[in-house]
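*Asks:* One-letter residues, chain by chain:
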Amino acid sequence: MTIADTQLKMQSAPQSARDIGDAWSKMVAKRRLYTGIGLVVLLVAFVSSVRFADENNAGHFFDRLPHLFDFLSWLIPKDWSDVYRALFDLASPNGANGAGGEEFNFPLGRIYVWGDFYIPEYFELMIITINVALVSTIIGFVFAVPLSFFAARNMSPSNPVRLVTKRIMEFLRAFPEIVIAGLFSAILSIGPIAAIIAVGLHTIGALGKLFYEVVENIDMKPDEGMRAVGASWTERARFAALPQVLPNFMSYALLRLEINVRASTIIGAVGGGGIGEELKLSISRGFGAKTLALVLLLFLTIIAVDQFSAWLRRRLVGEHAFLLQH
Amino acid sequence: MSVIDASRMQEIEARYPEMLHRSFRQRFGALMILIGVILYGFYAVWFFNLPKVIAEAHWERVGIYLSEWISYDVQPEFRISGDKISIKYPRFSPLGDNPHPDWVKTAPDGSMTVSVSGTSRTVTITKTQAILTAHGATIPIDITGDVPKIVGSEPVPNWMTVYDDNILANMGFAGDVSISTDRVKIRKRFIGWANFVFDTHSPFFDKPASEVIGLIVSGPRLEPDQSNLSLAFDNIWNNGAWQHGDVWTKLFQTVVMAFLGTLLGSLVAFPLAFLAARNITPNRLLNQVLKRFFDFLRSVDMLIWALFLTRAFGPGPLAGSGAIFLTETGTLGKLYSEGLENIDNKPREGVKSTGSSAILVHRYGIVPQIVPVIVSQTLYQWESNVRGATIIGAVGAGGIGLKLWEAMRTNANWENVAYMVLLILIVVFLFDAASNALRSRLMGTRVR
Numbered sequence: 032m033t034i035a036d037t038q039l040k041m042q043s044a045p046q047s048a049r050d051i052g053d054a055w056s057k058m059v060a061k062r063r064l065y066t067g068i069g070l071v072v073l074l075v076a077f078v079s080s081v082r083f084a085d086e087n088n089a090g091h092f093f094d095r096l097p098h099l100f101d102f103l104s105w106l107i108p109k110d111w112s113d114v115y116r117a118l119f120d121l122a123s124p125n126g127a128n129g130a131g132g133e134e135f136n137f138p139l140g141r142i143y144v145w146g147d148f149y150i151p152e153y154f155e156l157m158i159i160t161i162n163v164a165l166v167s168t169i170i171g172f173v174f175a176v177p178l179s180f181f182a183a184r185n186m187s188p189s190n191p192v193r194l195v196t197k198r199i200m201e202f203l204r205a206f207p208e209i210v211i212a213g214l215f216s217a218i219l220s221i222g223p224i225a226a227i228i229a230v231g232l233h234t235i236g237a238l239g240k241l242f243y244e245v246v247e248n249i250d251m252k253p254d255e256g257m258r259a260v261g262a263s264w265t266e267r268a269r270f271a272a273l274p275q276v277l278p279n280f281m282s283y284a285l286l287r288l289e290i291n292v293r294a295s296t297i298i299g300a301v302g303g304g305g306i307g308e309e310l311k312l313s314i315s316r317g318f319g320a321k322t323l324a325l326v327l328l329l330f331l332t333i334i335a336v337d338q339f340s341a342w343l344r345r346r347l348v349g350e351h352a353f354l355l356q357h
Numbered sequence: 077m078s079v080i081d082a083s084r085m086q087e088i089e090a091r092y093p094e095m096l097h098r099s100f101r102q103r104f105g106a107l108m109i110l111i112g113v114i115l116y117g118f119y120a121v122w123f124f125n126l127p128k129v130i131a132e133a134h135w136e137r138v139g140i141y142l143s144e145w146i147s148y149d150v151q152p153e154f155r156i157s158g159d160k161i162s163i164k165y166p167r168f169s170p171l172g173d174n175p176h177p178d179w180v181k182t183a184p185d186g187s188m189t190v191s192v193s194g195t196s197r198t199v200t201i202t203k204t205q206a207i208l209t210a211h212g213a214t215i216p217i218d219i220t221g222d223v224p225k226i227v228g229s230e231p232v233p234n235w236m237t238v239y240d241d242n243i244l245a246n247m248g249f250a251g252d253v254s255i256s257t258d259r260v261k262i263r264k265r266f267i268g269w270a271n272f273v274f275d276t277h278s279p280f281f282d283k284p285a286s287e288v289i290g291l292i293v294s295g296p297r298l299e300p301d302q303s304n305l306s307l308a309f310d311n312i313w314n315n316g317a318w319q320h321g322d323v324w325t326k327l328f329q330t331v332v333m334a335f336l337g338t339l340l341g342s343l344v345a346f347p348l349a350f351l352a353a354r355n356i357t358p359n360r361l362l363n364q365v366l367k368r369f370f371d372f373l374r375s376v377d378m379l380i381w382a383l384f385l386t387r388a389f390g391p392g393p394l395a396g397s398g399a400i401f402l403t404e405t406g407t408l409g410k411l412y413s414e415g416l417e418n419i420d421n422k423p424r425e426g427v428k429s430t431g432s433s434a435i436l437v438h439r440y441g442i443v444p445q446i447v448p449v450i451v452s453q454t455l456y457q458w459e460s461n462v463r464g465a466t467i468i469g470a471v472g473a474g475g476i477g478l479k480l481w482e483a484m485r486t487n488a489n490w491e492n493v494a495y496m497v498l499l500i501l502i503v504v505f506l507f508d509a510a511s512n513a514l515r516s517r518l519m520g521t522r523v524r
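Just so you know, the protein sequences line up as chains V and W, in that order. The numbers in the numbering used here rise by one with no breaks, and the one at position 44 of the first sequence is 75. The numbers in the numbering used here rise by one with no breaks, and the one at position 185 of the second sequence is 261.
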């Protein structure tokens, strides 16, 4: 029961302090009941979900819990400089016979740029991943800007166009990225292009939604001015709407860039190339130092991208707090 | 439009100097960004070697794969040995173990005619020849020698490809024919999903719907110790080709993973957010440590957590839930603490002025303000995780992702891929709608 309902009821009854008090306590009781029922439903759903997840898992939670720490100890290297050596492709003295296996002598090579100066191949993989994220964000931005004007209630040329555009964007958002990546890796052979297409298509849908919400909230007075001088739809969008929304658009695009760095890592792990694939291989083969080196690299990169985009965003739109949204 | 004279122009210029005399950055900033993006575009084209990738792309596969999403094929093989033509179907033919399709006709003289598409595209197999009729031409091919040979000297039509020991004839969407010595293999394509309800081993296979319903409602028991209804359900659920049971369970796993992960994440993030919000806990060090901790959980990312947890717990939804839980603790912790930092301080002061303890101040001064925000954000994250959790499944963290990835890897089960994608889309749209409805109800306003 909402407050409005209570007020309605009170109007029909003779008003006194007691009536109001009764109505209030009734409402509170009802709300408590609903909250209680909601919590019980949630609890039941939670307990049965835990059991379902546990039963469907290869190892059960409590059986495997002690092994979580085995696993962590696998991750922590006996010699921390192995992480450094893994990162820069230096031979390690550790391992069997002092020579080390694949685990310690890191097979991923170097790329010689100039004489003896080389870049470890990890860095190149990381650059691929970042480029995948950048290109797919640009693709998403370029397509989402016009689409968002078609989808916004106040700017759309016609209602059917608006609804169709919205559905297309919803579809692009919801379509599993991994399927697009799989399809395009069958067409273009496995590699980063498939990842770009998959992440880019998703970005069109995700940015499009954020963008059209911004467009719907603009001040319509400049638009009226443009209409008054007989501007066409394109001119209205360009001169009345775009200057108002561009800072927000840039801000959302930069936020999306951060998300896309992670997304392209994930896509990489399922065959899109880049650092994700190497990370997956390294973990499944059990190379502790190598894994740590990769995680470290990834972590530093993500923080760097976060900081850079936060700095750029602050310069572009000032101190706005924008919520993280997928 | 009236023409503005020079003095009026100067007047306007003097009135709006910021409009007409703008700094270099204001005037050319957007252009510079555009040029930068275009230059970066060229770099990216070079970096990813786009021309080569495009040149080596197999665009014809798009059509093949997309048509495989909605179709199936039957591949009879004809062998000629001596004066007998025998016909063989693959082991897992969609037609079952005893196929007698009416599109294969045997003439009295023993030759067989297969209609690939109506009467305009057919293949007739005699003891010495395969006679193809397609695209308005009839071409006999001699198959008795060492290699198959086109009879007559006319040029080979462009829908045929001649290899060393076999000839491939493309008959469009309807299928293709591969001809080699003593052997003709035909692929005939049908629109639709074959055996979607019952597979070929089911006793209900290939029966019309009315008969199946009749059997279920009042037929004699097909299996003595099981009712027909439960037998039918069992056959559908364990359908060999479509694996409905497995697919649905995996899909449900994805939803459960998202639910568990988000719920646990929000339970852990909620108290931590109070400690991380600088207006509630005035301890800068603690605030910063917690906020960086949230950042860490978020930026290490779901994938890495999923990979680690599948090593620890083995593949399955537990690992996926754990991965989502860790990421969500980071995301929700950040969102909640930002929400807490934006609350109105007055109710808090009011409760505090009555001399209540800290717990009561939080309960009555803060929680009522923050609950709508929390519920809305949490529901949004759940929905978002249902959408996102398919992908961590592909690295073994449970859910439909791995199944999807495996179906794609085989390159043969694209119809199963289509089926799963359709189910995922339905679930995601249902979730969108449900969570939007719930959110708008809890917030008391319409949420777009």
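Incorrect hints may appear among the rest.
Said to hold, decoys possible - Straight-line Cα separation of at most 25 Å, SDA-like style, residue types lysine to any residue; simulated pairs:
#, chain 1, residue 1, chain 2, residue 2
1, V, K57, W, K367
2, W, K367, W, D420
3, V, K109, W, A513
4, V, K61, W, P444
Simulated from the structure, these hints should not be mistaken for laboratory data.
*Asks:* Now, for every hint given, state plainly whether the structure supports it.
*Replies:* Here is how each hint holds up against the structure:
1. K57(V) to K367(W): violated, 42 Å
2. K367(W) to D420(W): holds, 21 Å
3. K109(V) to A513(W): Violated - the C-alpha atoms of A513(W) and K109(V) are around 53 Å apart, more than 25 Å.
4. K61(V) to P444(W): Holds. K61(V) to P444(W) sits at ~17 Å (cutoff 25 Å).
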